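S.K.: Protein chains in written order, with this note's numbering: chain A, 1 to 216; chain B, 1 to 208.
These are computed hints drawn from the structure, not numbers from a lab. Source: prediction; values computed, not measured. Any given hint might turn out to be false.
[Claimed, not checked] Listed next, the in silico BS3-like pairs over lysine-lysine satisfying Cα-Cα at most 27 Å (straight line):
{"id": "1", "chain 1": "B", "residue 1": "K12", "chain 2": "B", "residue 2": "K62"}
{"id": "2", "chain 1": "B", "residue 1": "K122", "chain 2": "A", "residue 2": "K47"}
{"id": "3", "chain 1": "B", "residue 1": "K139", "chain 2": "A", "residue 2": "K42"}
{"id": "4", "chain 1": "A", "residue 1": "K40", "chain 2": "B", "residue 2": "K128"}
{"id": "5", "chain 1": "A", "residue 1": "K40", "chain 2": "B", "residue 2": "K122"}
{"id": "6", "chain 1": "A", "residue 1": "K47", "chain 2": "B", "residue 2": "K120"}
{"id": "7", "chain 1": "B", "residue 1": "K139", "chain 2": "B", "residue 2": "K201"}
{"id": "8", "chain 1": "A", "residue 1": "K120", "chain 2": "B", "residue 2": "K120"}
{"id": "9", "chain 1": "B", "residue 1": "K120", "chain 2": "A", "residue 2": "K40"}
{"id": "10", "chain 1": "B", "residue 1": "K120", "chain 2": "A", "residue 2": "K42"}
{"id": "11", "chain 1": "A", "residue 1": "K47", "chain 2": "B", "residue 2": "K139"}
{"id": "12", "chain 1": "A", "residue 1": "K117", "chain 2": "B", "residue 2": "K47"}
[Unchecked claim] A short list of chain A residues far from chain B (calculated; beta carbon distances all over 12 Å):
{"id": "13", "residue": "T5"}
{"id": "14", "residue": "P10"}
{"id": "15", "residue": "S31"}
{"id": "16", "residue": "G58"}
{"id": "17", "residue": "K120"}
{"id": "18", "residue": "K139"}
{"id": "19", "residue": "R164"}
{"id": "20", "residue": "P175"}
{"id": "21", "residue": "G176"}
{"id": "22", "residue": "N190"}
{"id": "23", "residue": "V195"}
{"id": "24", "residue": "K201"}
Built from N, CA and C at the ideal position, the CB exists for glycine as well.
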Amino acid sequence: MSTYTLRHFPIQARPETCRALLSYDGGDYTSEHPVWPMEKSKQPFGKVPVLIETDASGNVFQLSDSMAIEHYLATKKGLMVDSSPQDRARQDELRSQILDIFLFAPQYRFATEEARKTIKEQYVTQAKFFIDFHESHLKNNGSNGYYFGSKITYVDIALVATMRALRRFGDESMPGMTGYLSPERTPLINKVLDVVGNDPKLAKFFSEPRVKPAVL
Amino acid sequence: MSTYVLRYFPIKARAETCRALLSYSGASYTNEAPAWPQEKSNQPFGKLPVLIETDESGATFKLSDSLAIEHYLATKYGLMVDSSPQDRACQDELRHQIKDIYEFIPQYRFGNEDTRASVKEKLDVQMKYFIEYHENHLKNNGSNGHYFGDKTTYVDIALVASMRAVREFGASIIPGLADWLSPDNAPLINKVIEVVGADPKLVKYFNE
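Construct the complete structure from the given sequences, taking the supplied hints into account.
M.R.: Right under this line is the structure:
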């Protein structure tokens, strides 16, 4: 059995899906919060998150990049969609769109006053595409609270982890952000939050202490 | 056999790896440059690139997001690394790092004048990590002009295509960018460009 360490900033932000995947189904890992920017040069690509896996014989595998980490963990835990190449591609597309929406929060937060108006406009436009695309996909999958088939897969977890972070802290980064993704506007996305959110295999993830971020 | 349409702007930017993969596959494809922003709302997510595949029976499959498109094509044409889960993860990591470097270009180009100095600073820092990490990986793989094993895989093609975008689109925009990728500074990265770039399957891509 491998043991895992996730190096990341102690905030509920980008690595949330990594953390959900790590603790899924009773998984264990330790969090390491590097001192920044002093420890930047110690990371493979000068960035976090970084996953460090030590296998039973003591071999160490180090992996950076949140998407690479997510795919690695999701594959290991049998959460990747593999019904067809098109479904797999659709999975990647949906996951990427969830990230795109999330990234508006830090983008707005760190932008100049004058750039913010445009960013907000772009967010409103993309939020509409996001809702249309995801609600339509979820309806085509049977409106059952899952993105693919009738069980939890990678995108379900990514959606829950991301939306929880956004609904909690999004408005602090971009005022009014979460209003565009309210339950009324996103009934089937909300159903995923309900159904997947209550899965006992994610109980550990939800019970971990969350630090209110200074920034998203 | 499927035929493809790739919808994107007629510039050497974010869809280069998609184009290179299509060329490498030998599949029949056309490029479509939609009127913008008039056709934004006709795209699945309001963005480009979009891949439209029509199979033998006439069924169509539409896919957006450049990385999703790349993975789909690379998988279909046997270019994904599958030697182990760690190698696969490493492949993803290397691909995203190449993309991270590319993304500095639109960030610099379309950002405000006053943010450019700080974007350039970050780029210089990340370029150093990028070259070190990739040169080291390529050395560990035998300095043979390939990222994995001794044949062309997805990351090789992504590197060749992205560096073309960086050199043609980026070098004229960001001062000093081309110097980072000189043969002296990045010998093994340049060897991949040389070796993989000479592959006859990429002739169509380079002639576009």
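S.K.: It remains to establish, for every hint, whether it holds in the given structure.
M.R.: Comparing the hints with the structure gives:
1. B:K12 to B:K62: Within the cut-off at roughly 22 Å; holds.
2. B:K122 to A:K47: With a Cα-Cα distance of about 12 Å, the restraint between K122 (chain B) and K47 (chain A) holds, given a limit of 27 Å.
3. B:K139 to A:K42: holds, 20 Å
4. A:K40 to B:K128: holds, 13 Å
5. A:K40 to B:K122: Roughly 13 Å between the alpha carbons, so the hint for K40 (chain A) and K122 (chain B) holds.
6. A:K47 to B:K120: Distance ~17 Å between K47 (chain A) and K120 (chain B) Cα, so the pair holds.
7. B:K139 to B:K201: holds, 25 Å
8. A:K120 to B:K120: holds, 25 Å
9. B:K120 to A:K40: holds, 18 Å
10. B:K120 to A:K42: holds, 22 Å
11. A:K47 to B:K139: Given pair K47 (chain A), K139 (chain B) holds - Cα atoms ~22 Å apart, limit 27 Å.
12. A:K117 to B:K47: Between K117 (chain A) and K47 (chain B) the Cα gap is close to 20 Å, so the pair holds against 27 Å.
13. T5: The claim stands: T5 (chain A) keeps its Cβ more than 12 Å from every Cβ of chain B (closest is about 16 Å).
14. P10: holds, 23 Å
15. S31: holds, 20 Å
16. G58: Since the minimum Cβ distance to chain B is about 15 Å, G58 (chain A) lies beyond 12 Å and the statement holds.
17. K120: Holds, because the least Cβ-Cβ distance between K120 (chain A) and chain B comes to about 16 Å, which exceeds 12 Å.
18. K139: For K139 (chain A), whose nearest Cβ neighbour in chain B is about 15 Å away, the distance exceeds 12 Å, so it holds.
19. R164: Given a closest Cβ separation of 22 Å, the condition holds.
20. P175: holds, 21 Å
21. G176: It holds; G176 (chain A) is separated from chain B by about 20 Å at its closest Cβ, greater than 12 Å.
22. N190: Correct as stated: the minimum Cβ-Cβ distance to chain B is 20 Å, above 12 Å.
23. V195: holds, 24 Å
24. K201: It holds; K201 (chain A) is separated from chain B by about 21 Å at its closest Cβ, greater than 12 Å.
Hint check: no violations occur; every hint is consistent with the structure.
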